[in-house]
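Novice: What follows is the residue order along each chain.
There are 2 protein chains.
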Amino acid sequence: MISVEEAQQRIAAAFRPIGTETADLAHLAGRVLAEDVRAQADQPPAAISSMDGCAVRAADGDSPRRLIGEAPAGHPFKGKVGAGEAVRIFTGGVVPDGADAIVIQEEVDREGDTVHFNAGVARAEYIRAAGLDFKAGDVLAPAGKRLTARDLALLAAGDIVSARVRRRPRVAIASIGDELSRPGEPRRPGGIAASSGYGLSAMITAWGGAPCDFGILPDTAQEIATVADVDADMVVTLGGVSVGDHDLVQKALGTRDFTLDFWKVAMRPGKPLIFGRLGTTPLLGMPGNPVSTLVCAILFLRPAVDAMLGVDPGGCSLPARLRCGCRAMTARLKRPLAASDARQSYLRARLSQEAGETWVDAFDLQDSSVLSTLAQADALIVRPPDAPAAKLGDRVEVIPLDGY
Amino acid sequence: MISVEEAQQRIAAAFRPIGTETADLAHLAGRVLAEDVRAQADQPPAAISSMDGCAVRAADGDSPRRLIGEAPAGHPFKGKVGAGEAVRIFTGGVVPDGADAIVIQEEVDREGDTVHFNAGVARAEYIRAAGLDFKAGDVLAPAGKRLTARDLALLAAGDIVSARVRRRPRVAIASIGDELSRPGEPRRPGGIAASSGYGLSAMITAWGGAPCDFGILPDTAQEIATVADVDADMVVTLGGVSVGDHDLVQKALGTRDFTLDFWKVAMRPGKPLIFGRLGTTPLLGMPGNPVSTLVCAILFLRPAVDAMLGVDPGGCSLPARLRCGCRAMTARLKRPLAASDARQSYLRARLSQEAGETWVDAFDLQDSSVLSTLAQADALIVRPPDAPAAKLGDRVEVIPLDGY
Chain A
17 MISVEEAQQR IAAAFRPIGT ETADLAHLAG RVLAEDVRAQ ADQPPAAISS
67 MDGCAVRAAD GDSPRRLIGE APAGHPFKGK VGAGEAVRIF TGGVVPDGAD
117 AIVIQEEVDR EGDTVHFNAG VARAEYIRAA GLDFKAGDVL APAGKRLTAR
167 DLALLAAGDI VSARVRRRPR VAIASIGDEL SRPGEPRRPG GIAASSGYGL
217 SAMITAWGGA PCDFGILPDT AQEIATVADV DADMVVTLGG VSVGDHDLVQ
267 KALGTRDFTL DFWKVAMRPG KPLIFGRLGT TPLLGMPGNP VSTLVCAILF
317 LRPAVDAMLG VDPGGCSLPA RLRCGCRAMT ARLKRPLAAS DARQSYLRAR
367 LSQEAGETWV DAFDLQDSSV LSTLAQADAL IVRPPDAPAA KLGDRVEVIP
417 LDGY
Chain B
17 MISVEEAQQR IAAAFRPIGT ETADLAHLAG RVLAEDVRAQ ADQPPAAISS
67 MDGCAVRAAD GDSPRRLIGE APAGHPFKGK VGAGEAVRIF TGGVVPDGAD
117 AIVIQEEVDR EGDTVHFNAG VARAEYIRAA GLDFKAGDVL APAGKRLTAR
167 DLALLAAGDI VSARVRRRPR VAIASIGDEL SRPGEPRRPG GIAASSGYGL
217 SAMITAWGGA PCDFGILPDT AQEIATVADV DADMVVTLGG VSVGDHDLVQ
267 KALGTRDFTL DFWKVAMRPG KPLIFGRLGT TPLLGMPGNP VSTLVCAILF
317 LRPAVDAMLG VDPGGCSLPA RLRCGCRAMT ARLKRPLAAS DARQSYLRAR
367 LSQEAGETWV DAFDLQDSSV LSTLAQADAL IVRPPDAPAA KLGDRVEVIP
417 LDGY
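Protein chains in written order, with our numbering: chain A, 17 to 420; chain B, 17 to 420.
There could be a bad hint or two in this list.
No copy labels: a pair is met if it fits in one copy or bridges any two.
Below, computed lysine to aspartate or glutamate pairings styled on EDC-like, alpha-carbon distance capped at 20 angstroms [what the hints assert, rightly or not]:
id : residue 1 : residue 2
1  : K350      : E413
2  : K407      : D154
3  : K280      : D402
4  : K267      : D116
5  : K151      : E123
6  : K94       : D245
7  : K151      : D40
8  : K280      : D410
9  : K267      : E239
10 : K151      : E370
11 : K287      : E141
12 : K151      : D383
13 : K267      : D245
14 : K94       : D357
Hints in this document: simulated from the structure, not taken from any laboratory.
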């Protein structure tokens, strides 16, 4: 039995970034860049005014100026501003040749073609220099970044129309168990509806992968062995990894080219996790209980998807790192917790906020078959192995569950 | 000029939940329920074993038992367990009639058809009662909840195959300005690429809306007035809302059936925000600078989309409420901030974590045209009107930007 940390390290070490594809700008949100994206042009492309007003030469001081033209956004003034001259300019307009200061509208009095200024002329105060935001050739977003909505606006400003991204890793999901039927289909005797796969597919999609449903397989070695034929970047099996005669994943895969990396992790829920390689395809065998599956997905599958996407953790925001457990977030206990055993525990819990502090409260029912509390949870409390009892107000480590 | 809070309240008051549609289980992630979803069956449907072992009558104590059959998951034992009898049971198997205790595998010695137990028989310890997770008719997810991946697993377990959700609100986006061209197309003289719309579309999609691109409109009242013809739940214009002669949105819409609710909000960036109604369609007129647009989208458009979706804020997780600014999150300043003026400011900033505390550091360059710092930011610092200078280590309010 290995620790959660060792299992995470072994899994991360087993994946490399996969192939790439080109995606259009409008479809880049959430995609992970395979190469740096560089600006095609300076932004702004020329010095522009940030206000409505008059473009003038600062050297002329407060003296009146003669208006010689206009420079609205998108319509640059073609001449040059000389001594004693001014050009009416609007927000986003190019600062005309010769001008080096903007007098804002509120400080201008106009009489015919002459303008008088109420206040001193401020040099460059309302001028945005060419390249203020970025210059042609600057890296707008680095390889390994998962692009946000804000990145899309930045790329558009840099005249980017498409980018090279990692393709979505295909993750095949096989649900194993004679007791399973699809939701809405007639139940088997004493059976239940297959549920984890729906949650898992939605998580994989949210993380940037492409889930493929391999369906429900009965508890026979022959049927389970068919997962070896799937064309995917990774195979996930749900159920069939425990110790009983009817847990057949290892037995079934032994008939194919399966190499075990590890079996069993010192954690709760999720102990009987299997990781190995089916030919060249990594296989993660998850426990059958839905809470175990979804908690193991957050801890072990998400890093695998990130590794296939080539995500650079240095480019992740702090909230994203807290959410995937890369960085610890703490909260104070609303109620005491008992001492824990040798397995690292993940307790479903609710967060709240009082007087600027974050508090957390574990649900009473932590059975690994109970999905309702997982759906109501907004965090997992992480209890390290052999943690002593914790009292009201103690700080504990939590993984927020927002977003999936 | 009104406050940010008043603007948010006026906008929220102008929207009602829109129509509904039915979506399949596999496509429910991120959708907002229009009605409560209730379980179709008990989960588990019968008492089941949570371990491999023997199902017995507790009343028989530690005496040996005669094995009379098996109960794997999905294959219930059809007979009844009588005095001195046991049924081999597996995780997920239905507890047979007559049995009320499970002796786990590790405590069982088998000799032929007889089993001996090493330890005491624990009544019901490894039995999951019928309906432990939920009972038929229980609300699995309430109306107004935005469904997570975990909810999908729960709904599947409750035999739900589809649900009634709000349709995605259609938000038309028109970019206004003679200086604009599409990314990658030839630039206009002194012009720039239209950028905000790409970020805005990705945000609207992430929030559950359906963005529709109305394209780029030149700075003429006649062209701008065409937005009145769009078929959408809401219209957003980008640019053209400031005070100059070339800012034409109000003038243009005055020729159509436009009712102004408010113009100008005491904030930075984003002061010249317009809100009103075009016929019966709400219209939000955003400033042209991309940072203003995207910050105003987070503060004003996101609540509008949530209101059209009928999102119940009570059902949102704490992280989601922190992210939309419904609840305040605080962080400590890494560097001092100057006193602020009468406008509420939103400063692009980076979060970090030290010794379990969250710190925040504002970028030096806060110009509202500079997208690169918005893309690098992972939070906005909220500076209230007339805030005094803040020093190193002071706590300030922040809105995390994770996820968009």
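Novice: In ascending order, which of the hints set out earlier in this document are inconsistent with the structure?
Specialist: 2, 4, 5, 6, 7, 8, 10 and 14
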